[in-house]
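Student: Sequence:
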Amino acid sequence: MKTVLTVAVTIAAMIALAGAALAFMGPGHGPGRMGHAMMMPMGPHMMAQGAEPMGPGMHGGAMNATQVSEDQAKAIAQKYVDEQLKGYTIEKVVPSTGMPRTMYTVELKGPKGESKTLHVSPFGHVMPFPMPQRRG
Numbered sequence: 002m003k004t005v006l007t008v009a010v011t012i013a014a015m016i017a018l019a020g021a022a023l024a025f026m027g028p029g030h031g032p033g034r035m036g037h038a039m040m041m042p043m044g045p046h047m048m049a050q051g052a053e054p055m056g057p058g059m060h061g062g063a064m065n066a067t068q069v070s071e072d073q074a075k076a077i078a079q080k081y082v083d084e085q086l087k088g089y090t091i092e093k094v095v096p097s098t099g100m101p102r103t104m105y106t107v108e109l110k111g112p113k114g115e116s117k118t119l120h121v122s123p124f125g126h127v128m129p130f131p132m133p134q135r136r137g
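Numbered per the working numbering, the sequence shown finishes at 137, counting up by one with no gaps.
Hints listed in this document are in silico derivations from the structure and should not be mistaken for laboratory results. A virtual CB, placed ideally from N, CA and C, is assigned to each residue, including glycine. Everything hinted at is true.
Result set (DSSO-like, lysine-lysine): computed pairs, CA atoms no more than 30 Å apart in a straight line:
id: 1; residue 1: 117; residue 2: 87
id: 2; residue 1: 113; residue 2: 87
id: 3; residue 1: 93; residue 2: 75
id: 4; residue 1: 117; residue 2: 75
For each label pair, taking beta carbons as the anchor points, the in silico distance ranges come out as:
id: 5; residue 1: 7; residue 2: 85; range: 50 to 60 Å
id: 6; residue 1: 22; residue 2: 87; range: 43 to 53 Å
id: 7; residue 1: 131; residue 2: 91; range: 10 to 20 Å
id: 8; residue 1: 93; residue 2: 8; range: 52 to 62 Å
Turn these sequences into a full structure, and let the hints guide you.
Tutor: Quick look at the structure:
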């Protein structure tokens, strides 16, 4: 009898936790509901001209239906470096394939020898790597 009661309490607790998790996430986060946009306060790098709001640390151009080329990715990264990372230079641009579109990894060298990495999405968005963590 004690074992049956323990199992019943355990199952009830799991159901309650699952319900609480679903309630916490809110509507639209169930299976098959990817792409639900999260509204965040606007920060200095949240909007690119002609683009949709982006997550923290993301910076970049307008959403194109076409793939950016390696030269375009380098130019986009250079603009980001000129605006955000004074003194850094682009060492190399490495294409990352394996997905339906090509993404670019841009390796940077700093004025004191330090290194940083940027990612340029297939649509021209620049994402510093690792992504900055949201604090607060």
